[in-house]
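Number of protein chains: 2
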Amino acid sequence: MSASFPLPVFHGGEPLYGQLYRHIAAAVRSGEVPPGTKLPSKRRLCALAGVSMSTVETAYSLLAAEGYVTARPRSGYVVADLLPLAPPPAPDVAQPPPEPSKWKYDCSTSAVDVSAFPFSSWARITKEAVYENPGLLQRGHPQGDLPLRAALADLLAQYRGVRCTPDQIVVGAGADYLLSLLLQLLPEYREIALEDPGYPAAYAAALHHGRTPLPIPVDGEGMDPEALAASGARLAYVTPSHQFPMGDTMPAGRRSRLLHWAGAGEGRFLIEDDYDSEFRYTSRPIPAMQGLDRGGRVVYMGTFSRSIAPAIRVAYMILPPALLERYRQTFPHTACTVSRFEQESLRRFLVRGLYGRHLRRTGNLYRKKNALFTGKLLAIPGVTLTGQDAGLHFLLTLSRLTEGELVERAAAVSVRVAPLSQYCHGAAPRASTVVLGYAGLSEEELARAAELLAEAWG
Amino acid sequence: MSASFPLPVFHGGEPLYGQLYRHIAAAVRSGEVPPGTKLPSKRRLCALAGVSMSTVETAYSLLAAEGYVTARPRSGYVVADLLPLAPPPAPDVAQPPPEPSKWKYDCSTSAVDVSAFPFSSWARITKEAVYENPGLLQRGHPQGDLPLRAALADLLAQYRGVRCTPDQIVVGAGADYLLSLLLQLLPEYREIALEDPGYPAAYAAALHHGRTPLPIPVDGEGMDPEALAASGARLAYVTPSHQFPMGDTMPAGRRSRLLHWAGAGEGRFLIEDDYDSEFRYTSRPIPAMQGLDRGGRVVYMGTFSRSIAPAIRVAYMILPPALLERYRQTFPHTACTVSRFEQESLRRFLVRGLYGRHLRRTGNLYRKKNALFTGKLLAIPGVTLTGQDAGLHFLLTLSRLTEGELVERAAAVSVRVAPLSQYCHGAAPRASTVVLGYAGLSEEELARAAELLAEAWG
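Protein sequences, first through last, are from chains A and B.
Mapping the first sequence onto my numbering, position 210 (from 1) lands on 210, and the numbers just tick up by one.
If you want my numbering, it's the position in the second sequence, counting the first as 1, plus 1000.
The shape of chain A in the complex, shown without the other chains:
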């Protein structure tokens, strides 16, 4: 039957495997391909449909998972007789996958530009890391392997003025995961001071661990130290490099006031989330607060999700000595959540200078995008921008419209911008303001998005 096997006419709107899966599933349901029919071999279907092996494998897996076909050892896939045990088709298979945005121009803050990612170097390094390190198959150090931690300590000393030994570093699969670990480590901290407006995932983490988030207002320099002191919290989460979402960089004076707060009471700690610190456009990077801390009161967190790619799930936190021993006693058996092969790949990427080169390349890309996008937006009468000197997003204020109007009119031309109030727990610090990320769009897209916004808001 292979010769007459029903094949879809592929279109560009969704992944090929989805189209192939759905077409065959429909043919089975309709009886066009009756029970007991042997599906073409994967290799043969590749040739028939002119698609890759991956596409066929995925489509067949979906069909088997849904109960349309059953896999028989050594004889391939056979159309199932009936489906008494099969659950209803999965909703997220029937729908197109959520990734392709419904927005034509999505100025969200989480995207990055991966066009400069050195694929061939990463692929080669990854392969080497597997081949040359059979020992990596066994369980590694719970905090992450020492060679990677040593490379991280070296890198952070050079780039961020962080002072730590490899010993203090905990490697984990993402900053959110590490924040979860840290909260588990500090169960007696029932209230967590968070920036307002602030990073939604930090609020979510506090709530998921049964803690009370205490929103502390930020001004143009970051978290307000007097409001922090008045809150009674002993643990505060801040983003000094590029406050999320306001985009301000915390000046040295504010840093030292926060460090002073931390030193002035028993058991106080600051969590310094140094996200976005890699990219600055008009000035030299400001060293991390951690490097100024003489009292061991700062937990430093960083991630490669933005500086390399969201898919590289490697983040790290640096525990002050007071928490290190506690960490080891609390999590003696917790395995590191990052694959050791990936740890070794990343280490090679760092120490061979590939990371530095990648940062320079992407930094230049972002600088150009930033200049282009901010230049075009500033040409819209009445627009002011803030927080655009660093990181991958900024704030736009246009007082002649309300926040809601800014968002809705942008949406009407298929440009997604976020209302500032979305990140606020008290009153928004600025009216008529939206948050714009630009990292994930090309220069052409940014130019077009700015034109559309100028029309929509004009």
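Accuracy of the hints is not assured; some may be wrong.
Unchecked claim - Short, incomplete list of chain B residues facing chain A, as computed with Cβ under 10 Å:
(1) 1018
(2) 1050
(3) 1054
(4) 1063
(5) 1065
(6) 1132
(7) 1138
(8) 1163
(9) 1180
(10) 1207
(11) 1282
(12) 1286
(13) 1314
(14) 1338
(15) 1445
If you are wondering where the hints come from, they were derived from the structure by calculation, not from laboratory data.
For each residue, glycine too, the CB sits at the ideal point set by N, CA and C.
Chain B: place on chain A using the hints.
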């Protein structure tokens, strides 16, 4: 000075990078290599010391991280002037790394045999996964990418009788991480019923999330349903395939009683941890409890840490429909903790039959080790074994000695065995009993360990 650069005489007791690092650090401290000295280039030191580039890179990273040398752009590493800011040397650098066990024969339960791991296939697949999928650099589905979830649903249906759609699967970096997520998802479940004796990480997870573990006794069939019902808990964690640590397989009758318990009260759920289910030696695998569940009361968990390797940090949980919607609302932005490259590598490993082949190979290895080790241990007068028909560990009872004597006498001949009481919260269900894992030792080592135990306990 490179020609006279101080180099260590390498020995076999610790990693080469550690020896190289320590030797140079000592030379800097002693003044033998004075401040301002330029270290040999990495390439040159490779040649001088006859070690690999990785070794030199790691040693130099450690020296820089510790403040012994500073990296200067384009001129390499220079010995630091003084170390006013450097913290004391890291304890875990000064000590040998924790991995090489102090035990000659470590019969712990967490090791696996990775000798059959198909390195070249994995390295090739990994490289392909990177090269062929640039799209994987961007953020993926929060539950894990659909193609991997489809392959998992297919695999689990075939191997474990699990019935689910790819939609219900959440992929994460390790079973402990997923258990943490699940507890965050169910904050109103203040008490968690756990097997006693039971898996220590499950007790730890409950405590780390502020819950009360309720130890429920296990008998030869698993968790006691009457004690469970009497406890008042609405959430119970069980290991039906191979109870940890007792090693019993839960028979069908007990499974249906537990499922009945789950269906008999509002909001009750069973967490089925199907660890070790891949390996059975005397009978066919028993399908997962999840596949018998008609009421959607089972959360199924599995991992590749034992069936592939501890370094592969991929685990999965299958949520019943009642929890799925809640999961999506609770964790809308939580990124999947597994690298998308690794997800794609694993998918290829599964659907190309490499995983099945690997399971058959390692299953044969374990069957042989099991037969050899249990055979020799049963020759010790008075020894009885239980739980040896499945999984990678079993229980040994020898009533003529106390549990403490069994452990201490084994330790005296450098064989590590775990006392059963270590896993118990109430009274140990069996006196004079120890837990023995055998997966991480070779056949020769197992034979020798058994001989030593025979002498020690004879």
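*Hint numbers the structure violates, sorted upward?*
2, 11, 12, 15
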